[in-house]
Each structure stands twice: as C-alpha cells, then as structure tokens.
Amino acid sequence: MDYTLSEWIEQAGEESLAHAACRCQAEESGTSEQMVREAMLRNLLDMESAVKEGLKPDLRSVSGLTGGQASRLYTRFAKGDSLSGGLLGRAITYALATAECNACMGRIVAAPTAGSCGILPGLLLSYKEENNTSQEALVDALLVASAIGISIATQATISGAEGGCQAECGAAAAMAAGALCALEGGNNEMCMHAAAFALMNMLGLVCDPVEGLVEVPCVFRNVGACGIAVTAADMVLSGIRCPLEPDEVILAMKDVGEALPLALRETGDGGCAACRTVHRL
Amino acid sequence: MDLFDIVGPVMIGPSSSHTAGAARIGLAARWILGERVVEAHIGFHGSFARTHQGHGTDRAILSGLMGMAIDDPRMRDGIRLAQESGMKVETHAVQLRGAHPNTVQLELIGENGHTLQMEAASIGGGNIRITRLDGLDVDFTGEENTVIIHHQDIPGTIAVVSTIMARDRLNIGTMQVYRRKAGGDAVMILELDAEPALETLKGIEGQRGIVSVQFLRKRGV
Numbered sequence: 000m001d002y003t004l005s006e007w008i009e010q011a012g013e014e015s016l017a018h019a020a021c022r023c024q025a026e027e028s029g030t031s032e033q034m035v036r037e038a039m040l041r042n043l044l045d046m047e048s049a050v051k052e053g054l055k056p057d058l059r060s061v062s063g064l065t066g067g068q069a070s071r072l073y074t075r076f077a078k079g080d081s082l083s084g085g086l087l088g089r090a091i092t093y094a095l096a097t098a099e100c101n102a103c104m105g106r107i108v109a110a111p112t113a114g115s116c117g118i119l120p121g122l123l124l125s126y127k128e129e130n131n132t133s134q135e136a137l138v139d140a141l142l143v144a145s146a147i148g149i150s151i152a153t154q155a156t157i158s159g160a161e162g163g164c165q166a167e168c169g170a171a172a173a174m175a176a177g178a179l180c181a182l183e184g185g186n187n188e189m190c191m192h193a194a195a196f197a198l199m200n201m202l203g204l205v206c207d208p209v210e211g212l213v214e215v216p217c218v219f220r221n222v223g224a225c226g227i228a229v230t231a232a233d234m235v236l237s238g239i240r241c242p243l244e245p246d247e248v249i250l251a252m253k254d255v256g257e258a259l260p261l262a263l264r265e266t267g268d269g270g271c272a273a274c275r276t277v278h279r280l
Numbered sequence: 000m001d002l003f004d005i006v007g008p009v010m011i012g013p014s015s016s017h018t019a020g021a022a023r024i025g026l027a028a029r030w031i032l033g034e035r036v037v038e039a040h041i042g043f044h045g046s047f048a049r050t051h052q053g054h055g056t057d058r059a060i061l062s063g064l065m066g067m068a069i070d071d072p073r074m075r076d077g078i079r080l081a082q083e084s085g086m087k088v089e090t091h092a093v094q095l096r097g098a099h100p101n102t103v104q105l106e107l108i109g110e111n112g113h114t115l116q117m118e119a120a121s122i123g124g125g126n127i128r129i130t131r132l133d134g135l136d137v138d139f140t141g142e143e144n145t146v147i148i149h150h151q152d153i154p155g156t157i158a159v160v161s162t163i164m165a166r167d168r169l170n171i172g173t174m175q176v177y178r179r180k181a182g183g184d185a186v187m188i189l190e191l192d193a194e195p196a197l198e199t200l201k202g203i204e205g206q207r208g209i210v211s212v213q214f215l216r217k218r219g220v
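Going line by line, the protein sequences match chains B and U. Those letters in the first sequence? Residues 0 to 280, per numbering that gives the first Met the number 0, in order. Those letters in the second sequence? Residues 0 to 220, per numbering that gives the first Met the number 0, in order.
Everything labelled a hint here was simulated from the structure, so no lab data went into it. Don't take each hint at face value.
Just some of the chain B residues that point at chain U, by a computed CB distance under 7 angstroms [to be verified]:
(1) G63
(2) T74
(3) M104
(4) A109
(5) P111
(6) G148
Here a beta-carbon is modelled for each residue, glycine too, at the ideal position from N, C-alpha and C.
Put together the whole structure using the sequences plus the hints.
Have a look at this one:
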C-alpha cells in the first residue's frame with residue numbers, strides 16, 4: 000500500500016479516503032477493518048494521555064531545555080486571551096504538551112515521528128473539543144492522515160536526517176491538513192490539496208536540533224506547524240486548489256531535502272544548533 | 000509500509016531512532032540471547048556516541064535488554080533498574096567503518112552463560128536492522144517471525160532445516176545464509192509466515208551440524 004496521493008484517490012474511487020485506507024490496511028495485514036479501526040482508536044486514546052501528561056507544569060527534560068511550557072499556553076488559552084483563537088489556540092497548547100511530553104521521555108504516538116508528534120494530535124484533539132466530534136470521525140481523520148503520510152514517506156522521506164524538518168514537521172502538517180479537511184467534509188481530492196499546501200508552506204525547513212536533542216527548536220516547531228496546517232485546510236475548504244500537482248510537491252520536498260547541506264540535517268551542527276547562547280529553564 | 004508505521008508506534012520519547020529504535024535493538028538482542036542478560040558491554044557508534052545520554056539511548060537499550068517494550072514508562076529508570084537487577088553494564092564509544100550513524104555494538108552474557116555479539120542500526124522511525132551476529136555479517140529486521148540458526152557449513156544442512164519446516168507446514172518467506180568460510184561457522188536467517196512451534200525449533204536443534212536455534216517472534220520487538 001505504498002501509494003502516491005493520486006493512487007490513493009484512484010484506490011478510493013467512490014469511497015472515502017478513510018475507508019479506502021482502512022480496507023487496504025485490513026487486506027494487507029490479514030485482519031478485519033474493525034480491528035484496524037480499534038487499533039487506530041487506541042492511538043487516539045494514547046494521544047490524549049500524552050497531552051494530559053505534557054500539560055503538567057513541573058515537567059522537565061533531562062537537559063533542562065524544555066518541559067512545562069505547554070501549561071503556560073494553556074493558562075493563557077483558558078483565560079480567553081489566546082490570539083490564535085479557539086481551534087488553533089487550543090491546538091498549539093496540545094501540540095506543545097505532546098512535544099514536551101516526548102522531550103521528557105513520556106509516552107507518545109509517533110505521528111509520523113517522535114520529533115513531530117505534537118501537530119496531528121494537537122489539531123485533532125482541539126477539533127474534537129471545539130466541535131464535539133465523535134470518536135469514529137476522529138479515527139477516520141487519523142486514517143486519512145496515515146494514508147497521506149505513507150505517500151510522503153515512500154515518495155520522499157519522513158526522516159529529519161535525510162530531508163530536514165520539512166520531512167518531519169512538514170509531513171505532520173500535511174497529514175493534519177488533510178485530516179482537518181476530511182473532518183470538515185472535504186472530498187478526497189481536497190484532502191490531498193490541503194496536504195500539498197501545508198507541505199508547500201513548510202518547504203526548506205531545516206533540522207537543526209540544539210545539542211542534537213529533540214527539544215529546541217523541535218517542540219516549538221510543532222506549535223508553528225499547526226498554524227500552517229489549519230491555514231492550508233482553510234484555503235482548500237474555501238475552494239482554492241493547490242496550483243501544483245500534490246504528488247509533485249512531495250517530490251519537491253525530497254529534492255529540497257537532498258539539496259540541504261549536511262549541517263542542516265539533524266547533525267546538530269548548523270542553524271539553531273550553531274547558536275552559542277542557550278538558556279535553560 | 001502500513002498505516003501504523005506512520006501514526007505509531009506508541010513509544011517513550013524523545014526520539015524514534017535514538018530511543019524507540021535503541022529499545023528495539025536491546026529487545027531483539029534479549030530474545031536472540033534467549034535468557035536473562037547478566038552482563039552487557041555496549042559500544043556506541045556515530046550519532047549514538049554523541050547524543051546517547053540526552054536521548055536516553057543508554058536507558059532505552061538497557062530497558063530492551065531487560066525485556067521491556069518500547070512504550071514501557073519504566074524505560075526512564077532503565078539504568079537504575081538494570082543495576083538493581085544485578086546486570087553488569089559497561090558502555091563505551093566505538094568507530095565502525097562504513098556503519099550506519101546510529102549503530103550499536105552489543106556483547107552480552109546470559110544467566111546460563113550463553114553469549115551474544117550483535118551489531119544493529121536504528122534506521123529511522125523506530126525501525127532497526129541487525130547487521131552482525133557473532134562475528135558474521137547478517138541483514139534482517141526482526142519484523143517477521145525470524146528463526147536464527149547457527150550451524151556448521153556442511154552439505155545438506157539447509158535441506159534438513161527446510162524439510163522440517165515443510166513437514167510442520169511452515170512457509171519460509173525469505174532465507175539468508177552467511178558463513179565465515181567454506182566448511183566453517185555459518186548462520187541461517189529464516190523469516191516465516193507463521194510462528195513455529197517449540198517442538199519444531201527443538202527438532203532442528205537436534206540435527207547434525209546445528210549449533211543453536213533462536214527465535215524472534217513477529218511484533219515481539
């Protein structure tokens with residue numbers, strides 16, 4: 000099931016992308032669609048637990064670079080002061096919570112990687128609370144996100160060491176944009192266009208972890224990528240189509256990744272990693 | 000690749016390659032050794048050597064060696080728990096020519112005196128590749144039901160093994176054979192579509208020229 004985005008659309012035909020992904024997974028792994036959905040639901044519940052863990056104010060990473068900051072965003076959001084507003088304001092809070100839970104050796108769901116694990120749950124769990132969405136619809140959204148992720152991983156890469164942050168947080172933003180589009184009733188093609196817009200707007204982002212750790216800038220980039228994903232979905236839902244073929248945007252990401260110097264691909268040498276002043280919490 | 004390679008695995012952070020992959024390597028080594036680990040010498044190569052402490056790579060490998068899954072929260076206390084279990088642990092940096100940047104070299108001793116030398120790489124997204132086993136180059140992932148057979152390189156050994164597999168209706172998906180030199184130490188790596196019964200493995204172990212048989216269960220690591 001290493002399908003490109005256009006192959007997924009072909010596979011799905013008249014069915015929803017979520018259903019096509021579920022059917023293909025069940026066929027390939029020799030299980031039932033019901034079991035695939037149950038496994039995806041467990042991922043969703045694990046995502047909720049990670050948010051809860053990450054919101055604790057006293058959380059600290061081993062290095063002391065990150066931890067406990069999501070609770071600040073939460074306080075501001077809860078007071079109604081969030082500039083980002085309802086869906087995005089809550090999403091960035093949950094995204095940072097998940098990413099900090101990860102940085103502090105908590106239990107998370109890679110989506111698609113550990114370093115980019117905050118974006119998809121941040122947006123989906125915020126959407127759920129804002130709209131009182133059913134678990135079934137959220138499982139569908141995760142299935143859509145996974146299908147898009149497969150297209151990116153197999154045509155390009157989801158590894159920061161190979162393609163920079165655009166491959167990790169970029170892929171996560173693309174997956175989340177497609178998932179949000181599906182939740183809002185967008186058709187299969189619109190989901191792919193939303194993914195393409197998100198990836199397009201993340202192109203070129205480097206992987207430059209300070210001290211080589213999945214902390215700075217990683218946890219904050221999870222926050223930023225939520226904005227990219229929501230705006231991509233909004234564009235498509237308003238009727239704007241990505242002027243580029245979505246699969247070609249994935250190939251462009253691959254090319255950009257290969258053109259990145261090694262210092263900007265998870266070696267901890269360039270970009271933010273080269274900054275000399277690092278403040279600890 | 001499937002959906003759960005993208006959304007998943009559920010794991011202890013912070014890094015799918017430096018933490019989850021490292022824990023999987025430890026776990027694979029634990030099952031291949033086949034008994035509780037009492038002594039572990041761990042060599043870190045490349046990126047592993049540089050950032051293993053901040054990423055919890057050392058705790059992750061030790062947790063795996065103690066049989067913990069990649070989402071076991073006890074991983075955070077992996078070093079202390081290994082100490083408490085009485086495991087003797089030594090870590091060092093190694094330089095391995097041509098190896099993947101996230102490679103670890105393990106030398107293990109088990110409670111019944113069995114030993115294992117293994118090199119494995121964490122190749123991204125929590126996936127691993129085992130590249131060397133007891134001095135022989137190998138290449139497998141542990142994602143399938145994997146049978147590892149150390150044997151002498153004598154004629155008919157492969158036939159004996161495949162005959163037993165056929166008798167017990169086990170389909171061999173892939174098979175690799177490596178040897179040090181003609182007639183010398185050799186290892187067979189078989190990936191099976193189904194899980195073999197204990198009797199099947201014991202049956203192979205009793206054959207002429209077979210030194211040892213180990214089994215890695217699908218989704219066991």
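Open item on the list: Under 7 angstroms is the threshold here; is the Cβ of T74(B) close enough to any Cβ of chain U for the hint to stand?
Closed with: 24 angstroms, violated
Open item on the list: Can you verify the interface hint for G63(B): is its Cβ closer than 7 angstroms to any Cβ in chain U?
Closed with: Hint violated; G63(B) Cβ to chain U Cβ min 11 angstroms, cut 7 angstroms.
Open item on the list: Can you verify the interface hint for M104(B): is its Cβ closer than 7 angstroms to any Cβ in chain U?
Closed with: 5 angstroms, holds
- [ ] Using Cβ atoms only, decide whether G148(B) comes closer than 7 angstroms to chain U, and label the hint accordingly.
- [x] 3 angstroms, holds
Task: chain U contact restraint for P111(B) - C-beta distance below 7 angstroms - done: 5 angstroms, holds
- [ ] For the hint on A109(B), just tell me whether its beta-carbon gets within less than 7 angstroms of chain U.
- [x] 5 angstroms, holds
Violated hints for the displayed structure, listed by number in ascending order: 1 and 2.
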